[in-house]
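**Student:** This is what each chain is made of:
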Amino acid sequence: MAEARYLYCIVEGNEEITLGNIGIEGSSVYTIPYQDLCAVVHNCLPEPYKSEDKEKVNLWLTTHEKVVDVAWERFGTVLPLGFDTIIKGEEGITPDENMKKWLKDDYENLRQKLGKLKDRAEYGVQISWNPKVIGERLIETNPEIKKLSEEIKSKSKGLAYMYKQKLENLLKKEMEKEADRCFKDFYEQIKRCVEEIKVEKTKKLEEDKQMLMNLSCLLSKEKSKILGEELEKINNMKGFLVRFTGPWPPYSFV
Amino acid sequence: MEPSRDTHATLVDLLDRILDKGLVINVDVIVSVAGIPLIGVNLRAALAGMETMLKYGVMQAWDKKSRAWEREHRKKNVPSLLEGEEIVMKMFGSHYYSKGICNAWRPGYFYLTNKRLILYRQDFDEITFQIPLEEIKALVTREEAHFVKGKKKEALYLIDKQDQVHRFSAVETNQLKDAIEQNLATSGLSLEESPVLPEFEEGPIDFLTEGEEVTHRGKKVWYLVPASGIQQETWRPGHLYLTNKRLCWWYDFDKKLVFDVPVDRIVSVNTEMRKTSGLDSKKEKTLDVAYRFNSAKTIASFSGGGQIDEWVEALNRIVSGKISEETEACPQCGKPTPAKELLEKGCTNCGWVSPRLKKKMAQAALSAE
Chain A
1 MAEARYLYCI
11 VEGNEEITLG
21 NIGIEGSSVY
31 TIPYQDLCAV
41 VHNCLPEPYK
51 SEDKEKVNLW
61 LTTHEKVVDV
71 AWERFGTVLP
81 LGFDTIIKGE
91 EGITPDENMK
101 KWLKDDYENL
111 RQKLGKLKDR
121 AEYGVQISWN
131 PKVIGERLIE
141 TNPEIKKLSE
151 EIKSKSKGLA
161 YMYKQKLENL
171 LKKEMEKEAD
181 RCFKDFYEQI
191 KRCVEEIKVE
201 KTKKLEEDKQ
211 MLMNLSCLLS
221 KEKSKILGEE
231 LEKINNMKGF
241 LVRFTGPWPP
251 YSFV
Chain B
1001 MEPSRDTHAT
1011 LVDLLDRILD
1021 KGLVINVDVI
1031 VSVAGIPLIG
1041 VNLRAALAGM
1051 ETMLKYGVMQ
1061 AWDKKSRAWE
1071 REHRKKNVPS
1081 LLEGEEIVMK
1091 MFGSHYYSKG
1101 ICNAWRPGYF
1111 YLTNKRLILY
1121 RQDFDEITFQ
1131 IPLEEIKALV
1141 TREEAHFVKG
1151 KKKEALYLID
1161 KQDQVHRFSA
1171 VETNQLKDAI
1181 EQNLATSGLS
1191 LEESPVLPEF
1201 EEGPIDFLTE
1211 GEEVTHRGKK
1221 VWYLVPASGI
1231 QQETWRPGHL
1241 YLTNKRLCWW
1251 YDFDKKLVFD
1261 VPVDRIVSVN
1271 TEMRKTSGLD
1281 SKKEKTLDVA
1291 YRFNSAKTIA
1301 SFSGGGQIDE
1311 WVEALNRIVS
1321 GKISEETEAC
1331 PQCGKPTPAK
1341 ELLEKGCTNC
1351 GWVSPRLKKK
1361 MAQAALSAE
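As you go down the protein sequences, you meet chains A and B in turn. Going by the numbering used here, 110 is the number at position 110 of the first sequence; the sequence numbering is gapless. Throughout, the numbering used here is defined as the position within the second sequence, counted from one, plus 1000.
With the rest of the complex left out, here is chain A (with noise of 0.2 Å):
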């Protein structure tokens, strides 16, 4: 039967060994060397694990994690593949040589790659805040919303209700100047403790929590007692939340 490798990551080594079996679905995961650079895999179908449950794919997902953090302490350096790579063999070159002839073509910019995040790991950041109290903040602090909102209590209910409009629209429009303020402030902020930053995409919350920024940070992993001193400064300010995660394998920095 046609054989294939899933591949979890690259790490630093040149030992052919077995992590044992703590693969997907049980499988028994080693590495496969190329000079000073190894592939961590383990063997498989050549087709795409995927299901309709979510367990499952939860399971597997959590399960590549945890062989790519073995692989990571035990090596020191990791790069990390996401999640279905799977090399596969063609007719007549089994899959073992197509991952070498990879590693081969590919060898400069891997090891550059494994040079770049020696001893670093990535970190995750979300900085969200709470649009009620902020809203409520401005009106307090920007003479213009506050004489608006003063200016209502005087009005019939028809102008009232014009009144009320314009002040949600100015609003809106304030808060969106302030959040862009608060992202180049936090950023400027972040960037001194880290040495890269990728801006992610934010995500929706629930209802009273609005995400200002999503960010995955790479720095080594002494420094992040010094990003959770600054994150903290902001966590505590007014309204506003921050989440803090990782050490993560530098999935975002490959």
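There may be inaccurate statements among the hints.
What the hints assert, rightly or not - Computed beta-carbon distance windows for the label pairs:
id, chain 1, residue 1, chain 2, residue 2, range
1, B, Gln-1164, A, Glu-16, 53 to 61 Å
2, A, Gly-26, B, Val-1024, 21 to 29 Å
3, A, Thr-202, B, Val-1024, 20 to 28 Å
4, B, Lys-1090, A, Asp-53, 50 to 58 Å
5, A, Glu-196, B, Thr-1215, 54 to 62 Å
6, A, Thr-94, B, Ser-1080, 31 to 39 Å
7, A, Glu-176, B, Ser-1277, 22 to 30 Å
8, A, Glu-176, B, Val-1148, 27 to 35 Å
9, B, Asn-1114, A, Leu-45, 38 to 46 Å
What the hints assert, rightly or not - The calculated BS3-like cross-link candidates involving lysine-lysine, where the alpha carbons are at most 25 Å apart (straight line), are:
id, chain 1, residue 1, chain 2, residue 2
10, B, Lys-1151, A, Lys-198
11, A, Lys-113, B, Lys-1256
12, B, Lys-1149, A, Lys-198
The set of hints was computed from the structure by calculation and includes no laboratory data. The structure presented is a predicted model; accordingly, all values stated were derived computationally and were not measured. C-beta atoms are modelled at their ideal positions from N, C-alpha and C, and glycine is treated no differently.
Starting from the known structure of chain A, arrange chain B on it as the hints suggest.
**Tutor:** Just chain B, lined up with the frame of chain A:
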């Protein structure tokens, strides 16, 4: 603040990373779903299978029907060959087609056989370009700007025996060139050595009148087409030609002359730094040609990157030396020739010489004796 992981809440962050990120392998030996390499697909959806992917409208272009069509058409993936013709090499590439109503790169697969070079579109089972090997005169590769800003790409130019130039691009341009050369060599054919590419793409210059010759031309030049009707004045791309009679601007889209003025009506030539695009505020050097039209002075504006100075020089030669450029028909054969040349040298066509020049030459001959 301490970073956290391994809690239920961080699972989402982890999944995001594993599904959307990680090292990307750019080889064709990785497993794919329905012809799409897995890394190119939204894995989150692919995981749950193609059915769900379609349900959520992911990659709708690849819906069931078009995939069935694709499967059907993948089968006949070889152009029909002549008897005894064998395929030597297949490579993805494209051909720059500039003869139709619009110019475009036409993609397909190059098939190099022992008889022909073919560009084949398998989706439509259509050969969009082909040339017998013995018709190939020369091959030239040239590094050109890629449409991705800052990137360079090797383009392959093929010159045929009719001196027509064809422009190609391929995945491995140099490999394709080597393969063609090798193939020609085995067929006992040879290419012209160190060929020179014509400087300009040969446009259809069919607007020339009799006796008219292009004296100056360049790369793309934009012309400020004057307002007409509800159309505001707009910059349009085309090519400017200076002939011994006229200054003409050829509009690339309509494929016709939109502007032409006899050279003797040109009064003056100026340049100015001006905004030419509504999108950015960068100023560009523009060329203003003033000419007489119905006894009023009119201005035509052109812009075109770094070549404006060349145009100014070419046009100034005409404006300053206008008298000498006035043409006169030869009294004997009727060939239009610059008046000065006709008077001083005679007609190059029939050998007519003016009586005054005849006298002068006779005198010169006498004094030489």
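**Student:** Does the beta carbon distance between Thr-202 (chain A) and Val-1024 (chain B) stay inside 20 to 28 Å, or does it fall outside?
**Tutor:** holds, 23 Å
**Student:** Verify the CB-CB distance for Lys-1090 (chain B) and Asp-53 (chain A) against the hinted window 50 to 58 Å.
**Tutor:** violated, 41 Å
**Student:** For Gly-26 (chain A) and Val-1024 (chain B), compare the CB-CB distance with the range 21 to 29 Å and indicate the outcome.
**Tutor:** Given range 21 to 29 Å: holds, Cβ gap about 28 Å.
**Student:** At the C-beta level, are Gln-1164 (chain B) and Glu-16 (chain A) separated by a distance inside 53 to 61 Å?
**Tutor:** With Cβ atoms ~58 Å apart, the hint holds.
**Student:** Could one say that the CB atoms of Asn-1114 (chain B) and Leu-45 (chain A) fall in the range 38 to 46 Å?
**Tutor:** holds, 40 Å
**Student:** Can you confirm whether the C-alpha distance between Lys-1149 (chain B) and Lys-198 (chain A) stays at or below 25 Å?
**Tutor:** Holds. Lys-1149 (chain B) to Lys-198 (chain A) sits at ~22 Å (cutoff 25 Å).
**Student:** With respect to the beta-carbon atoms only, verify the hint that Glu-196 (chain A) and Thr-1215 (chain B) lie 54 to 62 Å apart.
**Tutor:** holds, 57 Å
**Student:** Quickly compare the C-alpha distance for Lys-1151 (chain B) and Lys-198 (chain A) to 25 Å and report which way the hint goes.
**Tutor:** holds, 23 Å
**Student:** Given the hinted pair Lys-113 (chain A) and Lys-1256 (chain B), is their Cα-Cα distance within 25 Å?
**Tutor:** Measuring from Cα to Cα gives roughly 54 Å; hence the hint is violated.
**Student:** For the hint 22 to 30 Å, verify it against the beta carbon of Glu-176 (chain A) and that of Ser-1277 (chain B).
**Tutor:** holds, 29 Å
**Student:** When you take the CB atoms of Glu-176 (chain A) and Val-1148 (chain B), is the distance between them in 27 to 35 Å?
**Tutor:** holds, 32 Å
**Student:** For the hint 31 to 39 Å, verify it against the beta carbon of Thr-94 (chain A) and that of Ser-1080 (chain B).
**Tutor:** Holds, at about 35 Å.
Going down the numbered hints, you'll see the structure goes against 4, 11, while the others check out.
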